[in-house]
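Undergrad: Below, each chain spelled out in residue letters.
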Amino acid sequence: MHRSVPLWLIVAVIVLAPLALGQTEQVPITASGVVVHGPERIGTLPPVLIPPDNPQTSAKILLGKKVYFDTRLSKDNTVSCATCHDPARGWSDAGPTSKGINSQMGGRRSPPVSNSAHNPLQFWDGRAPSLEEQAKGPIQNPIEMGNTHDVMLRTLNDVPGYVEEFKDAFGTTPITIDQVAQAIAAFERTVVTTDSPFDRYVQGAGTALTCQERKGLEIFNGKGHCSACHWGGNLSDGRFHNLGAEPIEPGKPDEGRMAVTKNSRDLGAFKTPTIRDVALRAPYLHTGKEKTLEDVVRFYNRGGGTEDSNLDPMMVPLGLSEEEIQALVAFMTRAMTSTNPEVAGVKPIPQTELPK
Amino acid sequence: MRKLSVLIAGALALLVLQPEPGQAIPAFARKYGFNCQMCHTSFTKLNDYGQRFRDNGYQQPGQEGLEKNVFQTFPPISLRTSTGLIVAHDPARKNTTSGFHLNGLDLLAAGVMHKNISFLLIYTPRIDEPAASFAGVGSMDPSQPGALESANLVFSNLIQDALSLRVGRFEPAYHPISSKRSYYLLQPYEVYGFSTPGNSFVFDDNQIGIEATGHFKQGFKYGVGIVNGTGANPDNNNAKDFYVNLSKIIGRGDGQSSGQRLGAFAYYGWVPTSIMVDFSGAAGDADGKMNEPFYRVGGHASLNWTTFNLQALVMYGEDDEQINNLRYGDKYHFTGGFGRLDWSGLANNRLLASALFNWVTPPNYDDARRVQVFSALVRYYLGDWTAVNIALHGEYTYQKVGKTNPARQHQFAALLDFDF
Numbered sequence: 000m001h002r003s004v005p006l007w008l009i010v011a012v013i014v015l016a017p018l019a020l021g022q023t024e025q026v027p028i029t030a031s032g033v034v035v036h037g038p039e040r041i042g043t044l045p046p047v048l049i050p051p052d053n054p055q056t057s058a059k060i061l062l063g064k065k066v067y068f069d070t071r072l073s074k075d076n077t078v079s080c081a082t083c084h085d086p087a088r089g090w091s092d093a094g095p096t097s098k099g100i101n102s103q104m105g106g107r108r109s110p111p112v113s114n115s116a117h118n119p120l121q122f123w124d125g126r127a128p129s130l131e132e133q134a135k136g137p138i139q140n141p142i143e144m145g146n147t148h149d150v151m152l153r154t155l156n157d158v159p160g161y162v163e164e165f166k167d168a169f170g171t172t173p174i175t176i177d178q179v180a181q182a183i184a185a186f187e188r189t190v191v192t193t194d195s196p197f198d199r200y201v202q203g204a205g206t207a208l209t210c211q212e213r214k215g216l217e218i219f220n221g222k223g224h225c226s227a228c229h230w231g232g233n234l235s236d237g238r239f240h241n242l243g244a245e246p247i248e249p250g251k252p253d254e255g256r257m258a259v260t261k262n263s264r265d266l267g268a269f270k271t272p273t274i275r276d277v278a279l280r281a282p283y284l285h286t287g288k289e290k291t292l293e294d295v296v297r298f299y300n301r302g303g304g305t306e307d308s309n310l311d312p313m314m315v316p317l318g319l320s321e322e323e324i325q326a327l328v329a330f331m332t333r334a335m336t337s338t339n340p341e342v343a344g345v346k347p348i349p350q351t352e353l354p355k
Numbered sequence: 000m001r002k003l004s005v006l007i008a009g010a011l012a013l014l015v016l017q018p019e020p021g022q023a024i025p026a027f028a029r030k031y032g033f034n035c036q037m038c039h040t041s042f043t044k045l046n047d048y049g050q051r052f053r054d055n056g057y058q059q060p061g062q063e064g065l066e067k068n069v070f071q072t073f074p075p076i077s078l079r080t081s082t083g084l085i086v087a088h089d090p091a092r093k094n095t096t097s098g099f100h101l102n103g104l105d106l107l108a109a110g111v112m113h114k115n116i117s118f119l120l121i122y123t124p125r126i127d128e129p130a131a132s133f134a135g136v137g138s139m140d141p142s143q144p145g146a147l148e149s150a151n152l153v154f155s156n157l158i159q160d161a162l163s164l165r166v167g168r169f170e171p172a173y174h175p176i177s178s179k180r181s182y183y184l185l186q187p188y189e190v191y192g193f194s195t196p197g198n199s200f201v202f203d204d205n206q207i208g209i210e211a212t213g214h215f216k217q218g219f220k221y222g223v224g225i226v227n228g229t230g231a232n233p234d235n236n237n238a239k240d241f242y243v244n245l246s247k248i249i250g251r252g253d254g255q256s257s258g259q260r261l262g263a264f265a266y267y268g269w270v271p272t273s274i275m276v277d278f279s280g281a282a283g284d285a286d287g288k289m290n291e292p293f294y295r296v297g298g299h300a301s302l303n304w305t306t307f308n309l310q311a312l313v314m315y316g317e318d319d320e321q322i323n324n325l326r327y328g329d330k331y332h333f334t335g336g337f338g339r340l341d342w343s344g345l346a347n348n349r350l351l352a353s354a355l356f357n358w359v360t361p362p363n364y365d366d367a368r369r370v371q372v373f374s375a376l377v378r379y380y381l382g383d384w385t386a387v388n389i390a391l392h393g394e395y396t397y398q399k400v401g402k403t404n405p406a407r408q409h410q411f412a413a414l415l416d417f418d419f
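In order, the protein sequence lines correspond to chains A and B. Quick note: the first sequence uses numbering that gives the first Met the number 0, first residue 0, plus one each step. Quick note: the second sequence uses numbering that gives the first Met the number 0, first residue 0, plus one each step.
Think of the hints as simulated: they come from the structure by calculation, not from any bench. It is possible that some hints are incorrect.
Listed next, the in silico DSS-like pairs over lysine-lysine satisfying Cα-Cα at most 25 angstroms (straight line) [said to hold, decoys possible]:
1) B/K216 - A/K251
2) B/K330 - B/K239
3) B/K239 - B/K288
4) A/K261 - B/K288
5) A/K288 - A/K98
6) A/K261 - B/K93
7) A/K135 - A/K261
It should be emphasised that the depicted structure is a prediction, and the values quoted were computed from it without experimental measurement.
Please model the complete structure; the sequences and the hints are all you need to start from.
TA: So this is what it looks like as structure tokens:
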């Protein structure tokens, strides 16, 4: 009996397989080292995963909400988390980049807090492995809150109301930086938007989307290539891509993810943001240079921004027509905007109502 | 008499060389939850993203190792066929034929086995359709022969972007414009299927061997390979064939749906001119004797403007005089090519229109096989946001074969083309 495959091919496969198998594994995209394999079909959000060392309690969530809106975290009592992550602006801000103490402008746009519980890594460059770690960062960032953890903790520990509420939530005193971070993170894990027309449509309500929005969804998942990165329940891969966005300051490129990984393949790469509620938080990209959703779609339609040696290989011109651009914008504008009362109704807590 | 036999042979060749259904692989769409237009301008033609996905071993470009493998997803199997009415008319004889047809079946499987190791299998099962005669059921010649059209492993990014290897039977890189992913269901690329006298090589065949491909940030792409050359398994001689295809993409994109791609290819092969076989290897290969050379060279272009895409290929072929059994002592030369203009319209490219011109110019002493064909088609894609993989397909072809007293034929097809 003749063998059906030439011997030399078998030898070639045997020789080559170890070459490919032996390649260096890509840096895991989560701090835990667990790679989220995808793309997954776009759809509804799964439940938020709660870390075992920071269980959700109603006392902690309410406390976290108060801390979130409290400007006393900052050096000059002018900036709270909500200053840059404003519920009324899609949990981001007016941009283009964030304004910290003394009206200093940050180097990047404020990423949304809503649904950030579903991000495997936090910040545009993914330098924080959890919401807890993320919450600690801005407090001591000289441009954002300009404080130190020690000074901020002294401030909070001097507020009897906070001392009491932290003791109720965590059972210990004095207040620690980990407790502050855990409380904020516990609150942020409740800021999840799950009730958009898109959610209702994928759950079977065929009339939840207009004809134009359905076209937009089809393009989002096809010719527009959007779901190549904006996939899963959060419509984000949580990964990092270089779109060729022009730097905020000409001639001063932002290293992006490479500053964390030191891997040149991550140069200029930034985390994919969620599409949920995207219409509420113009302007767009990490630079805030694209003013409207239509501008962003046109940006992608051109194949991204400037020529960049590290441009993501998924970035190609899309060839969208005017009608397709408008359909895509329509889909992202109304169909992806949440009506969750528990989220949309979050109002800033006036400073006068915070613990004293 | 000889002219008639050549005409009949040509007509039979046209039937046999009907393009096989193309390679749209819905298993990928199911794996990712995408619809077909993620990778296809409209199925079956790849867009830039799809081309990069294929070049990257069926992995999202830049995302190697971050996606599910075949063991973590739906079974990566797809099927494709088309069905409908085909009408042919011979204006000289005033003959018209018509019939409903099923145009074969492709079984496709493809996926990632491990980071940077993937596979593609395409099997066309033997289909025995009883050919009708006026008296009823006739012969049982298969309407589709069983064949392993593709079976290959891809080792991607052995050097990041710059070197991938494809091993097995595959669609070779010297097919710069894929016939497997052509929109046309009736009309093949004539020059791809043109077989020269005494030469078993057919340009359109998938080949068995090993191929290296790569691309660079400056827009250069290459593909080089070493193959049996017969497209067959086992080989008929010990001399292996070589090829190279080089392309340059100008502008952003991959030349499929954006950017402008220009390139050149060359194939150099050997064909045995003696069937005397002294020895047959354990794997069945024959050591065919008196191998004589032949080559094919050409250029290709894919030009994009808004939603128009013009793809064109020109080829020159030469066979050694020892191969040419139509006129011994003369080298056999031919030229040929095609130009195809596609236009996509409606949201998500639901509507596709295309025009195609094919020609092959053999030497004067073989001018009965001169071919000129004009074809056009319209496709409309049904479906919803999860899968746009049913096409209403209307195709027209006007064919002129031969130089003096050419045979002419009009052909029209209304088909449903679908895969799932």
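Undergrad: Indicate, hint by hint, whether the structure satisfies it.
TA: The hints, checked one at a time:
The suggested pairing of B/K216 with A/K251 holds, with an alpha-carbon distance near 22 angstroms, which does not exceed 25 angstroms. Simply put, B/K330 and B/K239 have alpha-carbon atoms about 21 angstroms apart, close enough for the 25 angstroms limit, and the pair holds. About 13 angstroms separates the Cα atoms of B/K239 and B/K288, which keeps this hinted pair within 25 angstroms; it holds. Between A/K261 and B/K288, the direct Cα distance comes to roughly 58 angstroms. Violation of the 25 angstroms bound is thereby established for this hinted pair.
A threshold of 25 angstroms between alpha carbons decides the hint, and for A/K288 with A/K98 the separation of about 15 angstroms falls inside it, so the pair holds. Note on A/K261 and B/K93: the hinted pairing is violated, with a Cα-Cα distance of about 74 angstroms set against a maximum of 25 angstroms. Using a Cα cut-off of 25 angstroms, the hinted pair A/K135 and A/K261 holds, with the two alpha carbons roughly 23 angstroms apart.
Hints 4, 6 from the earlier list are contradicted by this structure; the remaining hints agree with it.
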